[in-house]
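Below, each chain spelled out in residue letters.
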Amino acid sequence: METNHSIYVKNLTRYYGAIAAIKNVSFNVNRGEIVGFLGPNGAGKSTTMRILSGLLPASSGSAWISGTSVAQNPSEVKRRIGFMPENNPLPEDMRVVEYLRFRGRLKEIPGRKLRASVQDVMEVCDLARTARRKIIGTLSKGFRQRVGIADALLGDPEVIIMDEPTIGLDPHQIQGIRKLIDSLRGRLTVVLSSHILPEIERSCDRVIIINRGRVVASGTSAELREEFLPGQRFQIEAEASEDSLMAAFSNKGIEATLLETIPGVEERTLFNIRAEGNGLLGHQLIDALAQGEGCTLHSLAPKEPNLEEIFLAATKRSWEETIENKPTANMIKEENKAKKAEA
Amino acid sequence: MRHFFILLKHELRMLMISPATYIAAVLFLCLMGFIFWAILRSMVNTPEDVLPAVRFLKVFWIPVLFVVPLLTMRSVAGERNDGTLGTLMTTPASRAAIILSKFAGAYIFYMLLWFITLGFPKIAVEFFPQTAVGSGLLSQSSVLGSFLFLSLSGVLFISIGIFASSITRSQLVAGMFCFTALFLVIVGGQQLSNISAYGADMTEWAKSLVDYFQVFGHLDDFSRGVLDTRPFFYYLSLGGLLLGLATLVIEAKA
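Those sequence lines, one after another, are chains A and B.
Take 1 as the starting number for the first sequence in this note's numbering and just add one per residue.
Take 1 as the starting number for the second sequence in this note's numbering and just add one per residue.
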């Protein structure tokens with residue numbers, strides 16, 4: 001078993017009756033990494049997280065947390081993880097500090113360290129001053145999420161797994177939680193799932209996209225961008241027809257594909273194009289348009305596909321395809337490097 | 001073991017702040033107070049050969065049928081419904097510790113309620129010292145025997161409640177299931193003996209089997225000071241089995 005991974009999952013499968021919630025899911029997470037778990041509803045995110053936290057047994061396959069098998073040694077694994085389940089269930093009629101102390105005792109924090117540990121996590125989650133003695137049932141959603149995260153942080157776990165920590169929060173609260181997650185970077189391994197794609201893109205080092213119970217993509221957003229939406233994308237605002245635009249490019253020998261045409265104001269049209277080229281491609285495009293007939297360029301801006309587009313592309317492509325039988329961006333890169341080295 | 005005590009403390013604390021506990025306690029004490037008063041009242045004119053304390057404890061099944069479901073239906077079903085059972089199971093605490101703490105919490109409270117009823121004879125003696133039956137109201141030996149029975153049968157009754165609560169996420173279903181099971185155990189045993197009384201020829205082993213399930217018979221024996229190992233085995237083994245099953249159930253579906 002590889003020990004340099006904080007989480008190591010191999011061929012994890014879980015059936016609910018005859019339906020496979022996840023099938024042959026494999027991935028790993030390095031120490032100190034923040035990884036986002038993305039997927040549509042019912043993709044198997046929560047199932048995977050529940051298996052990792054020891055709540056649910058897998059039908060087959062194996063999972064290790066910090067080198068310890070979840071199936072063989074569940075109690076040891078539970079000492080190493082902090083888990084915040086979906087919807088963050090909390091007892092309504094306890095006070096925040098009482099609840100955290102109770103959880104701390106259950107997580108085997110020694111009696112003399114308990115007060116200090118609870119105080120620490122409350123400080124980190126900004127609960128110490130405002131909500132310390134409040135009854136959980138009376139807290140706002142944002143504070144409840146904080147209590148859930150504080151609970152996950154208690155007992156110095158090596159790995160923190162959070163199932164949709166930002167669901168139902170307003171933008172201010174989301175920002176607060178994001179800062180909190182950022183503050184954990186490097187110290188702890190964090191796995192979080194979310195529907196909110198910009199959220200994942202901002203706070204995670206790496207993304208794992210899961211669809212229909214299979215891992216369909218895994219890597220940094222740049223890698224995924226290259227894999228699923230290769231080439232450079234530009235948004236051009238010009239007074240031109242589609243034909244004249246494409247003719248201008250082909251005259252200059254630029255291979256470009258028109259992705260989308262959006263009618264704009266005053267004869268202007270917005271074109272989204274994809275083209276292959278190096279860092280000078282922008283200049284070349286401007287040149288081509290300046291010299292093209294019937295083209296008046298108003299603006300040209302590089303357009304990086306966001307995670308949403310990558311996600312849609314990945315989940316669409318993944319109908320039956322899995323990451324196992326398909327080379328990833330990294331593999332292709334390495335292959336190319338090897339070829340170059342040979343040459 | 002350490003987790004068990006942490007969980008038990010938490011469980012007792014939650015019982016103390018839950019309104020359902022107080023409703024159960026008030027109902028129980030009002031009903032039992034009324035029954036005790038009615039027994040004393042009926043004994044004023046007619047001579048009886050059983051002590052009021054023994055007659056009082058004979059109706060133990062009336063409060064058991066509603067107090068046990070009220071005390072236990074929330075324990076696992078409520079936590080499962082809220083999702084807090086899941087968070088509890090992500091800690092190093094074992095499943096057995098979780099179920100045992102739920103059981104112990106409800107059991108302690110159940111026995112506490114019965115101990116409070118010992119105050120009734122005290123109150124009667126305090127207010128009517130002239131009735132010269134003070135010693136008869138609280139005869140130590142029969143009360144001791146009856147309480148031994150209550151604490152023993154309580155193990156089974158509370159285990160039934162915990163098991164009923166562990167198999168569903170609805171407190172209502174848990175409560176109904178617990179009520180039905182308690183009814184079967186308490187009244188069903190009685191009915192078995194009625195059948196055996198009507199059917200003339202029962203073999204010896206069938207008779208002893210029927211006797212084994214006689215909850216009222218056990219109470220009679222205990223209050224007369226007859227301690228048999230068979231009821232001990234019956235209540236403790238069945239209680240243990242149900243708690244074991246409840247542990248397996250929460251293990252299988254958190």
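Errors might be hidden in some of the hints.
[Stated by the list, open to error] DSSO-like cross-link-like pairs, simulated, lysine-lysine; straight-line CA separation at most 27 Å: (1) K113/A - K134/A; (2) K9/B - K134/A; (3) K122/B - K58/B; (4) K179/A - K252/A; (5) K303/A - K10/A; (6) K9/B - K113/A; (7) K253/B - K23/A; (8) K316/A - K303/A; (9) K316/A - K23/A; (10) K23/A - K10/A; (11) K58/B - K10/A; (12) K179/A - K134/A.
Read the hints as simulated data drawn from the structure, not as lab findings.
Now the hints, each set against the structure:
Taking the CA atoms of K113/A and K134/A, the gap is about 22 Å. The hint holds against a cut of 27 Å. For the hint linking K9/B to K134/A, the alpha-carbon distance of about 21 Å falls within 27 Å, and the restraint holds. Of the supplied pair hints, the one linking K122/B and K58/B holds, its CA atoms being roughly 19 Å apart against a limit of 27 Å. For the suggested pair K179/A and K252/A, the alpha carbons sit about 47 Å apart, so the restraint of at most 27 Å is broken.
A hinted pair counts as satisfied when its Cα atoms are at most 27 Å apart, and K303/A with K10/A does not qualify at roughly 36 Å. Pair hint K9/B plus K113/A holds up; C-alpha atoms about 20 Å apart against a cutoff of 27 Å. Taking the CA atoms of K253/B and K23/A, the gap is about 20 Å. The hint holds against a cut of 27 Å. Taken as a hint, the K316/A and K303/A pair is honoured in the structure, with Cα atoms around 21 Å apart against an allowance of 27 Å.
A hinted pair counts as satisfied when its Cα atoms are at most 27 Å apart, and K316/A with K23/A qualifies at roughly 18 Å. Between K23/A and K10/A the alpha-carbon distance is near 10 Å, which keeps this suggested pair within the 27 Å criterion. For a cut-off of 27 Å, the pair hint linking K58/B to K10/A is broken: about 62 Å separates their Cα positions. A threshold of 27 Å between alpha carbons decides the hint, and for K179/A with K134/A the separation of about 23 Å falls inside it, so the pair holds.
Consistency note: the structure conflicts with the earlier hints numbered 4, 5 and 11.
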